[in-house]
Amino acid sequence: MSFQKCEKCDRPATHKFTRLVNGEVADFYFCQEHAAQFSPLQTQAAQAQMDLTQLLAGLLKTEQGEKPDAPEAAPAGLKCRTCGLSFREYRHTMRLGCSDCYGSFEKQLREDLRRYHGTVRHVGRQPQAAGAEASHSEAVEALKKRLALAIQDEDFELAAQLRDQIREIGDPRSTKGLESSGVTGS
Amino acid sequence: MTVDVFRLTEQWAGPDGPLSHVVVSSRVRHARNLDRLAFPPHAGKDDLRRVCDSVDRLVRGNASLSSFTRLDLQAFSSLQRTFLKESHIISPELEQAGEFRVLYVDPARSCAVMVNEEDHLRMYCLRAGFQIIPVLESINAIDAAFGQSLHYAFSEKYGFLTTCPSNVGTGMRASVMLHLPGLAMTHQIEELLKNLPKSGLAVRGYYGENSEFLGDFYQVSNEVTLGKMEDQIVQSLQSVIEHLVAKEEAARNILFEKKRWYADDVIWRAYAVLTHARIMASSEAFKLLSPIRLGIERGYFPTLNHHRLNQMIVAVQPAHLQMAEGREISVEDRDIARAQLLRKAFTSLETRQ
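Heads up: the protein sequence lines correspond to chains A and B, in order.
Residue numbers for the first sequence follow the numbering used here, beginning at 1 and rising by one.
Residue numbers for the second sequence follow the numbering used here, beginning at 1 and rising by one.
It is worth saying that the hints were derived from the structure and are not from the lab.
Every residue gets a Cβ at the ideal spot worked out from N, C-alpha and C, and that includes glycine.
Don't take each hint at face value.
On the chain B side, residues computed to face chain A include the following (Cβ under 8 Å) [to be verified]:
(1) Asp35
(2) Ala38
(3) Val59
(4) Gly61
(5) Phe68
(6) Thr69
(7) Asp72
(8) Gly147
(9) Arg173
(10) Met229
(11) Glu242
(12) Ala246
(13) Glu249
(14) Ala250
(15) Asn253
(16) Ala345
Take a look, some chain A residues computed to stay more than 10 Å from chain B by CB distance [to be verified]:
(17) Gln37
(18) Asp112
(19) Gly124
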């Protein structure tokens, strides 16, 4: 997609649209300006995604040695220690190679995660709890462990959330809170 | 044995669900990966095979999953795979097939697990109407069954690790397909949908990412997957949808009470074309079936219901038309077959003018 040109002008295409033409699915490529003309609403919806693309374009430049002062710039040749995927390739495809990529590119990925999600910390379901029926005290213990991690990371917003959760399910009579916290199995 | 999958009616297009006049379907999917194996886009055959083997073993040994049908996508023709995509049974990614791309689907075709999609496992539950919370519960039960035996790629910090970091954390995408002709006809839709991205929600067309808003169908789903609990995400989606449903109902009331001639004209004009046209493209069919769907709720077509209309929309898609003909046919012939199918369905239909 990054090599496509806009269909209305010579600028690189930044937006792809899928349309039905004569009953066939067809793809159209446009630059920002012509995309806005083609479909104002979809272009706006894609803007959040665009912001990220621009950030990535900036990062790629720094990788090529243009301006190495961005704090999240990836060292040239940065690769995943397990699968060998280069950070650069990830930037091209936005797809990681294996679960260890999250550790190998941790510093760089945090910026992406903030862009996508506004935060860098998981608070939802846990696999072991999803599988086995976690006991009430185990659930509280798991939350306390995550609270400690959050405080260590100085993520106070999350810490407050976890504290409230622990309070909510801390009362053994209140099983509703426990279920809705996703800590027990269903 | 595999023929069944092309005969059954999709559960989401089955009997009308809650608020089916506005909400077509509700869907929740979880993205999961297995630990220590390369993610599918970068995985070699060995890793892809290992994922398949682990899932096969698990499904065989698990009583609650043993009724699922296993479909090896490579064994299907591209027409059959497109058919499954049009039915919303598989994703466009899985439609591309390749080795070790497998689908497990339950007998009701309501829940399914796609193996070696963008992630090792993409499991979803899809139902008719507004049922986002029951759907979440169903998919959580399947996730629990898998999580018991498989070792998921998971980190305390980042949650379920996914191929694309935009899915990491809960790995959950909850989406609701809405039919909003009232808001479209009263020109309120752009303004309303414009604000959704600000609340962490995305709006897409009938065919998902980057697709056109055909026939006033809009898919609303959560964009953020990290830093929020599954229930929280689904509840905020639920309240936004409730708000949109109320707005749509208000718009329909205005249309039918204050602009009755206009509403009548749009509906009967669509009916007139559907009962007489000889050539019809997919996009035109979408455009015409939208006002018909609007008319159902107001009693214009006493014998037609929403799920029958949902099925019509699926049936006039290119691969569905060709499967019904039993062969591949040209675009021109498809447009003729589509017009014929709709003409037949609508000329015999009871109307109240």
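Here's how the hints hold up against the structure:
Taking 8 Å as the C-beta cut-off, the interface hint given for Asp35(B) holds, the closest approach to chain A being about 6 Å. The interface hint given for Ala38(B) is met, as the beta carbon of that residue sits about 5 Å from the closest beta carbon of chain A, less than 8 Å. The closest approach between the C-beta of Val59(B) and any C-beta of chain A is roughly 15 Å, which is over the 8 Å cut-off, so the hint fails. Using the Cβ-Cβ criterion of 8 Å, the hint placing Gly61(B) at the interface with chain A is not satisfied: the shortest such distance is roughly 14 Å.
Annotation: interface hint on Phe68(B) violated; nearest CB of chain A at approximately 18 Å, more than 8 Å. A cut of 8 Å between beta carbons decides the hint on Thr69(B): the least distance to chain A is about 24 Å, and the hint is violated. For Asp72(B), the suggested interface contact is broken, since its CB lies about 24 Å from the closest CB of chain A, more than 8 Å. The interface hint given for Gly147(B) is met, as the beta carbon of that residue sits about 4 Å from the closest beta carbon of chain A, less than 8 Å.
The interface hint given for Arg173(B) is broken, as the beta carbon of that residue sits about 13 Å from the closest beta carbon of chain A, more than 8 Å. Interface hint status for Met229(B): upheld, as the beta-carbon distance to the closest one in chain A is roughly 5 Å, under 8 Å. Given the 8 Å rule on beta carbons, the hint for Glu242(B) is violated: about 19 Å separates it from the nearest Cβ of chain A. Taking 8 Å as the C-beta cut-off, the interface hint given for Ala246(B) is violated, the closest approach to chain A being about 21 Å.
At about 22 Å, the closest approach between the beta carbon of Glu249(B) and any beta carbon in chain A exceeds 8 Å, and the interface hint on this residue is violated. Taking 8 Å as the C-beta contact cut-off toward chain A, the hint placing Ala250(B) at the interface is violated, the least distance being around 21 Å. The closest approach between the C-beta of Asn253(B) and any C-beta of chain A is roughly 24 Å, which is over the 8 Å cut-off, so the hint fails. Among the interface hints, the one on Ala345(B) is violated; its C-beta lies about 18 Å from the nearest C-beta in chain A, farther than the 8 Å criterion.
A cut-off of 10 Å between C-beta atoms confirms that Gln37(A) is not in contact with chain B; the least separation is 15 Å. At roughly 5 Å from the closest C-beta of chain B, the C-beta of Asp112(A) falls inside 10 Å, breaking its exclusion from the interface. Remark: the non-interface label on Gly124(A) conflicts with the geometry, its nearest Cβ contact in chain B lying 4 Å away (cut-off 10 Å).
Comparing the model with each numbered hint stated earlier shows that hints 3, 4, 5, 6, 7, 9, 11, 12, 13, 14, 15, 16, 18, 19 do not hold.
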